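S.K.: Combine both chains into one complex, guided by the hints.
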Amino acid sequence: MDELMAQAFAWFEGASGLANFFGIATPVAGILFAIRKKVFRKKTTGFSISEIAENIVRSQKPVNSKLVGKIAFVDDDISDFPITELKKAGYQISTYKQVSLADVTDLAKYDVIFLDIKGIVKDDPEEGGLKLLTSLRKINPNQKICAVSNKQYDVLATKFFEQADDVAKKPMTAHKCSDLIDQFLIEKFNMDQIVRLINSESDSLDKARRADFIGSVNGLVGSQEDPRSTLKLDSSSYPKLYEATVDLVRIYRHVA
Amino acid sequence: MLLKDVISTGAISTPWSCSIQEVMLAGDSGFAKTCEKKCKVQKACLATPGTGEGLCPYGMSYFAGAVGQVRVVVFGVKGKLVGTKISKDLKQDLKGRSLDDTRFYDWLQSLSSLDKVIDNHILERQSELLDPLHDPIRLARQLETISIRLLDQYSAASARTLDAQLDHASTEMKSLVKAAGLLNDYFDLISIYFNPAAARFGRPISTSLHGILRKITSILSGFDTGDDGVRTRVHFRGECYRNFNLRESFKIIPFSLVSNAVKYCLVGDVTVSLREMQDRAEVSVVSQGPPIEEDELDLIFEKKYRGKWSRSLRTGEGVGLYLAKIVADAHGIEISVSSRRLGGQKIGETPLATNTFRFELPYQINR
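Keeping their order, the protein sequence lines are chains A and B. Under this note's numbering, the residue at position 238 of the first sequence is numbered 238, and the numbers go up by one with no gaps. Count along the second sequence from 1, then add 1000; that gives the number in this note's numbering.
Bear in mind the hints are in silico, worked out from the structure with no lab data behind them. Every value quoted in this text rests on a predicted model; they were computed, and no experiment measured them. One or more hints might be untrue.
As the list claims (entries may be wrong) - Here are some of the chain B residues that sit facing chain A, going by a computed Cβ distance under 7 Å:
no.	residue
1	I1137
2	S1191
3	V1319
What the hints assert, rightly or not - Simulated crosslink set (PhoX-like; lysine-lysine; CA at most 20 Å straight-line):
no.	chain 1	residue 1	chain 2	residue 2
4	A	K240	A	K109
5	B	K1116	A	K159
6	A	K88	A	K66
7	A	K109	A	K232
8	A	K159	A	K170
9	A	K70	A	K176
10	B	K1251	A	K170
11	B	K1033	B	K1088
12	B	K1251	A	K176
For each residue, glycine too, the CB sits at the ideal point set by N, CA and C.
Only chain B is shown next, with the shape it has when bound in the complex (with noise of 0.2 Å):
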């Protein structure tokens, strides 16, 4: 929210002083002297929570509200609760500085609507800013479309699915169909990544698991060298022909999780298990890479974080995690992660560990 960054200019002025997410704002009659005597470090009507009037203790009294998600008190004013029997001071500082429940929810409306003004505007900006990406998202459908036309024309009716396809097929080919498939999944990470809502859209049919699992490990494997120029392969282990019930955006956590694996794998190579149990199958990505500190195991999820020991190791902008975690909660997965380290291992200056990013599906997710 822009709010406080638009009325800290001071081009729009507050009736009162006030506080709008933490930030202080004198407005048109300042602080009173009370407050500033009494609370320059800490104020304690800002620590109090609750909505409405309240009275300090140093008499005065506060009102507080919210606008969206963000905090908003004003203090030092003189509402029903300060009474008629209090001091001269008081009485001289709180002069001109009267507030009722009414003027105070009137001014806070005023605020939502500003508040929703600027969010309206950034959303039409950031649509006509994205709307070019709509012709280029065909393009790459269209091209993921005939990639595998083409991959089909010329494998051998023996090689029924797309990695036994790909296996045969040429290295131009590979690239083609990969490249594509690639171009296609970072669209759909780029739609979730401005459009979180994205994640829900549609309704959950029947997929393989096996089958998606089957498709990310073959493009990501060694498609991409990293910066030592070595391209990392990716193994799929186990079975899983059981169908379930997930949303297309599904795929995503799967891409997520392989890709980052593959980016930050710094010994051997990345493997991707899916294990059949009682009631639902589990899905486990390993590699061996920089250790992800116990602090960080729930932050590396958080938009824009990037662990300690991959920051310096890799370029990124640590969005990958974060957009496997938004489609996992809307489909209600949770995804866990270990990192064990290989004793004093290094690679470089970079101690060596075994990540495990681990989730399961319920047998009767979204039935």
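Okay, chain A solo, but in the shape it has when bound (with noise of 0.2 Å):
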């Protein structure tokens, strides 16, 4: 060892200060440059998504949709839906005779939505129902919408029908309605599809927009902030991650 040691002593003693430098520096640079990825690292604090969604599934308070989820009612006539029985039984109702097609951010904002064809929007009362419907999947693509009308004989009503998740007749009983909300509830707010829908979706940002993303998300489980207006995500182009995660920090915060 010792001879070893002393052969390179006198290596780097016969050879130029510069062929030193680069014999020493060559290796040392390599070597950095191939664990460059541990070593330099942007590194994020908090949790992560898996992390925030299992925090909520241990939780001992149990996600009580009718709480957490708002369902809007767009009809001219809402005198067709149970509401009164609706609110009765503990949904988050807000009801909506006439709305306008800039109204359509503010409508997005719901889990679920029952949404008439005609005579809802003033600004196009004939077909004002089916530019809603379009808008809001674009909005809000995780949005619940029930096309509810007794036009389905129509068919230049038939693109409004299969846009929505589901449709139904008027008048609604309360039996049905609550049966339509509470399984629309179930699947949108169902933690595995959540989790999956934001890590393939956010698996498309770039590095250090995912680290903004991320730490975002974790300043919002912490406090309680408007998510809509904090997370660090376009929503115009990433609208189902975005909608994703504002769901994902409500729940967190219904069982906090």
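M.R.: Here is the structure:
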């Protein structure tokens, strides 16, 4: 061993300064390059999405969909829906007799929406329902939409019914309505599905955006800030990811 | 499609001789002499499949394409395939009849636009005409909900199912519930008749097949009297307490099959059977009535078609089985029919046969 060391020193002593520099710097730089991901990785502090979900699942408090879920009814004849019974049963209900196409961003915030096709949009009484539904789908693809109309015989309304998650005829009974809402909320607040969606969608984010996104999610689970205004993610480019994350934060806060 | 009818009026001229859905149109320059002489009876160019330019056996070009499902062929014209080495007569005949791909496809595009305008106009008119249906459908639903609520109120606590409640209800109550149920089912039939896509609306939900069949047989049993004043009863046999993932439109299938059997039942009752098998359930509707001829077994599911023997027996529109087929297709279900003559038995002039309509539902349907 001593002999080897002596030979190495002799080799360095015999070589020029520049040769010594490259002789030492090159292997060190090579090793650092090989392990750069481990050494220089930007540390994201806090929980990963799966850890947040795990915390929710482990929580002693079960998710009460009725308290978390927000339901909207948009129909010019609200009496066709059992609003009083549904409110009495504990659902968070809002009703709209008429809306404007400009209200779509607010309507997209609901978890479940019951939508008529005709007479509900003041800017376009004939086809407003279809236009509204198409916009809602684009802004919030995770929203559950029930097309409620008796115009199933109308070929011109086909697109409206086909784009919806489900269809129903009016007037609706309390039993049918609550069955539909319960089913929609179970699907929308399914933790496995939310986590799967967030993980797969966030794969398309670049490293910096992903770090910002995860960082803002961690900030949100620890605070009471509005997730829609605080989440660091472009909702128009990643609507599914954005909405799933908002749901995750809402559920986390609900069980916390 | 009304395109051919619109063009046939002559109000819209066609630049060249053409065939639109087998309707011959001379066009602005009239038929070429060669076409009239050589192909007066049958035009070779019309029998040839394919699209784009082709050359007929007599040296003239033809251009084929489609507007929607309709084949359009322009014939007796001079395209690039005609070439320059042609007879003097043919050259003379093709004078002023030059055509190329670009002009042909531009023209075809304008026909497509016209076709769309016509179709949209029809759909808009249809939508307007059907608009008055909106409120009656709503009222019919209200009526059914209230009738079932009333039946529930007046029934004994021991009668839990709809058919058990109906069994003990007064004649008026029975009629009210059945009429309200039938009214809604007929409105569903109308919706699918005018908009077949409605058969696919909504998501499949867990449904009791046994429950649907029980309700339909209860409603249709003894409700309607035939021309002879006899009320046909419907018996339900068998059990299956599994749930199937079905769309709301599914009920149209048993409803159409059972009401069809009731309508044409000439002897005895109608029997609806439900049988559980290894991986599916089988439903059959059996009745004795006019025979369905071998060559009619598929045709009876076509719109407006009515069987030879049925036609002379009852009035009808030939839509019930057509609608059953639309809904069956939307669910991926196949309805089979068999008709077996009962020896030489006849009712009046009508021979008697046992008619069986059958379909199967896999347990895994729509899962």
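S.K.: A separate judgement is required for each hint: does it hold in the structure or not?
M.R.: Right, here's what the structure says about each hint:
no.: 1; hint: I1137; verdict: 4 Å, holds
no.: 2; hint: S1191; verdict: 4 Å, holds
no.: 3; hint: V1319; verdict: 14 Å, violated
no.: 4; hint: K240/A - K109/A; verdict: 13 Å, holds
no.: 5; hint: K1116/B - K159/A; verdict: 17 Å, holds
no.: 6; hint: K88/A - K66/A; verdict: 11 Å, holds
no.: 7; hint: K109/A - K232/A; verdict: 17 Å, holds
no.: 8; hint: K159/A - K170/A; verdict: 19 Å, holds
no.: 9; hint: K70/A - K176/A; verdict: 18 Å, holds
no.: 10; hint: K1251/B - K170/A; verdict: 18 Å, holds
no.: 11; hint: K1033/B - K1088/B; verdict: 13 Å, holds
no.: 12; hint: K1251/B - K176/A; verdict: 17 Å, holds
Hint 3 alone, counting from the list given before, is not met by this structure.
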